[in-house]
Amino acid sequence: MKRSTTPSFSRRSFIRTSALASGGMLIGFNLFQACKPEAAPPVDIADLNFNDFNAFIKIADNGMVTIFSPNPEIGQGVKTSMPMLIAEELDVAWENVVVAQGALDTKNFTRQVAGGSQSLRHGWEPLRKTGATARQMLVNAAAAKWGVDPATCSTENGVISNSNGDTLGYGEVVKEAASLEIPEDVTLKKPKDFKIIGKDIPNVDIDKIVTGKPLYGMDYKEEGMLYVSVVRPPAFGKKLEDFDATDAKGVKGVFDVFKFGDKIAVLAENTWSAMKAKKMVKAKWQDDSKLENTEDYNKALTALLDGKDFNTMRADGDVKKAFAEADKVLERTYESPFLPHNCMEPMNFFADVTAEKVRLVGPIQTPAGTARRIAELLNRKPEEVTVDMTRMGGGFGRRLYGDFAIEAAEISNIAKKPVKVVYSREDDMSAGIYRPAIKYRISAAIKDGKLTGYHLKEAAVNSNMYGLIPNFFPAGAVENYQVDVAKYDSNITIGAWRAPYTNFLAFAEQSFFDELAEVMEVDNIQLRLDLLQNVKGHNDERIQYSPERLEQVIKTAVEKSEWGKKPEGVFQGFSSYYCHNTHVAEVADVVLENDQPVVKKITCVVDCGIVVNPLGAKNQIEGGVIDGIGHAMYGDFSFKDGVPQDTNFNTYRLIRMNETPIVETHFIESDIAPTGLGEPTLPPAGAAIANAIRAAKGVRMTKQPFVKNMKEKALLG
Amino acid sequence: MPVYNLKVNGKSLSVEADKETPLLWILRDHFDLVGTKFGCGIGQCGACTIHADGVATRSCLLQVSVATEMEIITIEGLSEDISHPVQQAWKEIDVPQCGYCQAGQIMTASAFLKQNPNPNREEIRDAMSGNLCRCASYNRIEKAVEQAASKIS
Chain A
1 MKRSTTPSFS
11 RRSFIRTSAL
21 ASGGMLIGFN
31 LFQACKPEAA
41 PPVDIADLNF
51 NDFNAFIKIA
61 DNGMVTIFSP
71 NPEIGQGVKT
81 SMPMLIAEEL
91 DVAWENVVVA
101 QGALDTKNFT
111 RQVAGGSQSL
121 RHGWEPLRKT
131 GATARQMLVN
141 AAAAKWGVDP
151 ATCSTENGVI
161 SNSNGDTLGY
171 GEVVKEAASL
181 EIPEDVTLKK
191 PKDFKIIGKD
201 IPNVDIDKIV
211 TGKPLYGMDY
221 KEEGMLYVSV
231 VRPPAFGKKL
241 EDFDATDAKG
251 VKGVFDVFKF
261 GDKIAVLAEN
271 TWSAMKAKKM
281 VKAKWQDDSK
291 LENTEDYNKA
301 LTALLDGKDF
311 NTMRADGDVK
321 KAFAEADKVL
331 ERTYESPFLP
341 HNCMEPMNFF
351 ADVTAEKVRL
361 VGPIQTPAGT
371 ARRIAELLNR
381 KPEEVTVDMT
391 RMGGGFGRRL
401 YGDFAIEAAE
411 ISNIAKKPVK
421 VVYSREDDMS
431 AGIYRPAIKY
441 RISAAIKDGK
451 LTGYHLKEAA
461 VNSNMYGLIP
471 NFFPAGAVEN
481 YQVDVAKYDS
491 NITIGAWRAP
501 YTNFLAFAEQ
511 SFFDELAEVM
521 EVDNIQLRLD
531 LLQNVKGHND
541 ERIQYSPERL
551 EQVIKTAVEK
561 SEWGKKPEGV
571 FQGFSSYYCH
581 NTHVAEVADV
591 VLENDQPVVK
601 KITCVVDCGI
611 VVNPLGAKNQ
621 IEGGVIDGIG
631 HAMYGDFSFK
641 DGVPQDTNFN
651 TYRLIRMNET
661 PIVETHFIES
671 DIAPTGLGEP
681 TLPPAGAAIA
691 NAIRAAKGVR
701 MTKQPFVKNM
711 KEKALLG
Chain B
1 MPVYNLKVNG
11 KSLSVEADKE
21 TPLLWILRDH
31 FDLVGTKFGC
41 GIGQCGACTI
51 HADGVATRSC
61 LLQVSVATEM
71 EIITIEGLSE
81 DISHPVQQAW
91 KEIDVPQCGY
101 CQAGQIMTAS
111 AFLKQNPNPN
121 REEIRDAMSG
131 NLCRCASYNR
141 IEKAVEQAAS
151 KIS
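These protein sequence lines are chains A and B, in that order.
Under the working numbering, residues 1 to 717 are what the first sequence spells out, in order.
Under the working numbering, residues 1 to 153 are what the second sequence spells out, in order.
Simulated from the structure, these hints should not be mistaken for lab results.
It should be emphasised that the depicted structure is a prediction, and the values quoted were computed from it without experimental measurement.
There's no promise every hint is true.
Here are the simulated lysine-lysine pairs, DSBU-like style, with alpha carbons at most 30 Å apart [as the list claims (entries may be wrong)]:
hint: 1; chain 1: A; residue 1: K299; chain 2: A; residue 2: K259
hint: 2; chain 1: B; residue 1: K7; chain 2: A; residue 2: K208
hint: 3; chain 1: A; residue 1: K259; chain 2: A; residue 2: K284
hint: 4; chain 1: B; residue 1: K7; chain 2: A; residue 2: K560
hint: 5; chain 1: A; residue 1: K697; chain 2: A; residue 2: K711
hint: 6; chain 1: B; residue 1: K143; chain 2: A; residue 2: K213
hint: 7; chain 1: B; residue 1: K7; chain 2: A; residue 2: K601
hint: 8; chain 1: A; residue 1: K447; chain 2: A; residue 2: K308
Derived coverage of chain A by chain B (criterion: at least 3 residues anywhere in the stretch with Cβ under 8 Å from a Cβ of chain B; other residues may be distant) [unchecked claim]:
hint: 9; segment: 209 to 218
hint: 10; segment: 285 to 299
Ideal Cβ positions, reconstructed from N, Cα and C, are used throughout, including at glycine.
All chains, please: the whole structure from these sequences, using the hints.
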C-alpha cells in the first residue's frame, strides 16, 4: 500500500557558488523551488544568476556560516528548524551559524505559500542536500590542496581532516571551493550521526523578541509614511451610500480622508490621529445583499443535512444497504460557530506606489499571490511589484489572504504617498475571513455487534472540506463508508483557519467513536484499534494515514496517560487523529471543581517522524493543544443583521493562563522523514476534553463552544 | 497642541500631542519604542504592558497627559543587556512562538515578581491571566516565571 511518502528530490540540485570579493564563499539555491513536492529547476541551470536564488549560505574566511532564510515566520519555528537541516549536513557547529532574514526580491522567483504544516516535510531532503553539497565542495578543495583522495577526508564542526592528520578549517578553503564544479551526488548522514537535528535549538529571534526590537509589520515605518485607518462596511451585505468627513478632517494630524471602493481611508501622521478621526467619519450605508443572522444560517445548515442535495467526496461499498440491514443505528449531529483568527498582531501592511514601482512590506503568508493580485488591480507589470516579509504576530490562516495589503496598495496609489494600513482589534475581528460555521451529521450502522456502515455528512457555510480529508480515519476501516458535503452560500467571508475543517471534524468524529463504543458495548480504545486492523495491508492509494503509526500513538497514549488507572475524581477522555501527515493521540484529565469540569492535564503523543528541533516542536504541540481546548471551550462568534456580534476581547473569549492545563508531550522515536507540527495537535484536543466531560458529568458535548453547550444542558451555573 | 515631558527608560523625552493620546502610540509612533505592542486598545490583552512607577500598566489606556509624572519603563529599558532574570528565563525556556505578545508578558511578569518574589503556582497563573497569547505558549510562560522567581528570591 502507499503510505504518506516523503517528497523526493532526485533531480540535480540547482545550486550555484561564487567567491566573494570580501572573502569567503556564497552558495545560492532557490529554497521554495527546492522544497516543492517535485523539485524542478526554475530555469535552465546554465543561465542561472544569483537573482534566481532566494536562500543563501555564506561561509566566511573565519569559518562563520550565515544562512539567509527567506521564510515567512508566523511563529511555527521554521526560521530555526530549516537552517538546522542545512547546518547538519554542512557539518558545522550551530554556535558558528547565524540565521539572517534572506534578501527579498520577488522579481526573479516564485515564492511558495507558508501553510498546511508542510515546510519541514518538503524541505527535509533538499535542504540537507544543499548543506551536504557545500560540505563536499569544501572537502574536495582541501583534498586538492593536500593532493589526497577526497574520500579519505572527513569533517567535524567545520574542520576537514585527512588520514595523515592534517586539518584545514572551512574558512581556509572557501576561496578554492567556490570555483570547483558542483558535485552531482552527495551522501547524506544517517540519523544516528546527527549532531544538530534532534537537539534543542532555541528560536533564532529570541534576543530580539525579549528586548522588543522591531520585527513585525506593525513595527515597520519609513520617513514620510502616513498611517491609515479604514472605515469598512459595518455589516456583511451593506455598501457605502455617502459620507461626511468634515469632523474627521478637523482632527489634528489628519492628512486626508477619501473613498475607495466601498470603504473610506483616513490618512494621518500617526496611528492615534487616524484611529480617532476614523470614528468621526459620518458614513451612510445601504443594503446591498442579505443581512445574515446566526439563526438563519444555522437553520439552513440543518436543512441541508436533512436534505438530499450532496456532493459525494468518497463512497465505499453500499452505505444504504448497510443501514437498511443494520440491527442498530447511531446518528449524531455536531455544530460549530464561525471563528475569527485573532492573531495577536492585528492585520497591517505598508505600500508605496510610485510611477516606477509598487513596494509592499508586511506580514503575509502568500507574498507571490498577493503581489500578483496587486499588479493586476493597479495594472502594473508583475516585475514592478516587490514584497518584503516581516515576522508575523501569528497567522493561523488569516494572513493567507492579502486583503489588507491590497487595501494599502489601493490607498497609496490614490494618495501618492507611502502608507501603512493598521487595523484596530475591532477592524480585525469584524472584517475577518472566518472559519465557517459547520455542522456534521455522522451515522453508524451496527450489525451483529460490528460496525458495518459509516456515513459522514457535512453542511458548511460557503465552502466544504477538500483534499484528502475524506480519506482520513475511518476511511478504509469500514466496508461501507461515505462522505457527503453540501454548502450554504452567504456573503460572510470565510477561509482557512488553523487545521481547516479538521479543527472541528476531529471533535465530531472522535466524540462519535466514544459514543459508538458505548452503544456497541465495547471498549472505546479497543474499538479504534480493531478498526485500524481493517486498514492494515490494504492498497488504497488515497489513504494517507498509517494504521500502524496511529495504533502506536494510541497505545503509547494509553500507557503514558495511565489510562484507567487514575485516582477517583480524575476523569479521562481519549482522542486520536491523523492530519497534516502527523499522527497524534491525546488524553485529557478533567476534575470537578465546584461541580464544574476543569481540564488539568493533557497527555499528547505525537508521531511526526524524526523530531528536528524538540524544543521548538514541543512548543508547537503545547500551543496547538491549548489553542484547540480554548476554541472548543469558549470560541463563539455570531452575526445579527450581518453585523459581527463580538469585536474585541472584552466579549470574545480566548483561553487564558489560569484556564490552561499542563501539556505533557511524548514523541514516538522514529527514523522516518519529519512532518509538520503547526496544526496537527489542535484538532484532537476538543474531543479529548468532550469525552472527559462525558466521563465526569455523564453528558455528551455536541456543540462548540462547550461552555455554552454545558449551560444549555444545565451543567453550569 | 500641548507639549508633554516624559521620563521613559531613564531619559527625558518630550512630545507634542493630544492630551488623550494613549501612551502606547506616543511610545511607538513618536519615540520609536515599538517593543510595546498594540493588541486590543481596551486593556484586555496585555500586549502593551509597561511599568508606570514600577506597576504593570496597560499603555493603551494610559493617557499621555497622566503619564508625565511617572517613571515609565518599557521592554527596551528593562535591562541594557538582556540580563533581567525574566528575560533570561524567557530565553532559557525558549518561550515565544510568534513572539508578538511576549514583551507584554515579560513586563507583567517582571512587575509581578518585584511585588511577589516568591509566588506559588496559582499566584503566577492568576497574575499572568491578563495577558493573552493566541499561540498559547502559556505552559512555557508559567515555567519561565517560576524559573525567574527562583533566581530573584
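Status of the hints after comparison with the structure:
1. The straight-line distance between the Cα atoms of K299(A) and K259(A) is roughly 37 Å, outside the 30 Å bound, and the hint therefore fails.
2. Among the hinted pairs, K7(B) with K208(A) is consistent with the structure: their alpha-carbon atoms are about 24 Å apart, no more than 30 Å.
3. Using a Cα cut-off of 30 Å, the hinted pair K259(A) and K284(A) holds, with the two alpha carbons roughly 12 Å apart.
4. The straight-line distance between the Cα atoms of K7(B) and K560(A) is roughly 53 Å, outside the 30 Å bound, and the hint therefore fails.
5. Restraint check for K697(A) and K711(A): satisfied, since their Cα atoms lie roughly 13 Å apart, inside the 30 Å limit.
6. Taking the CA atoms of K143(B) and K213(A), the gap is near 24 Å; set against the 30 Å cutoff, the hint holds.
7. A distance of roughly 45 Å separates the Cα atoms of K7(B) and K601(A); the hinted pair therefore is violated under the 30 Å criterion.
8. Note on K447(A) and K308(A): the hinted pairing holds, with a Cα-Cα distance of about 25 Å set against a maximum of 30 Å.
9. Coverage of the segment 209 to 218 of chain A by chain B holds [criterion: at least 3 residues with CB-CB distance below 8 Å; count 9].
10. Given as covered by chain B, the segment 285 to 299 of chain A fails the check, having 0 residues with a CB less than 8 Å from a CB of that chain where 3 are the minimum.
In this structure, the earlier hints numbered 1, 4, 7 and 10 are contradicted, and the remaining ones agree with it.
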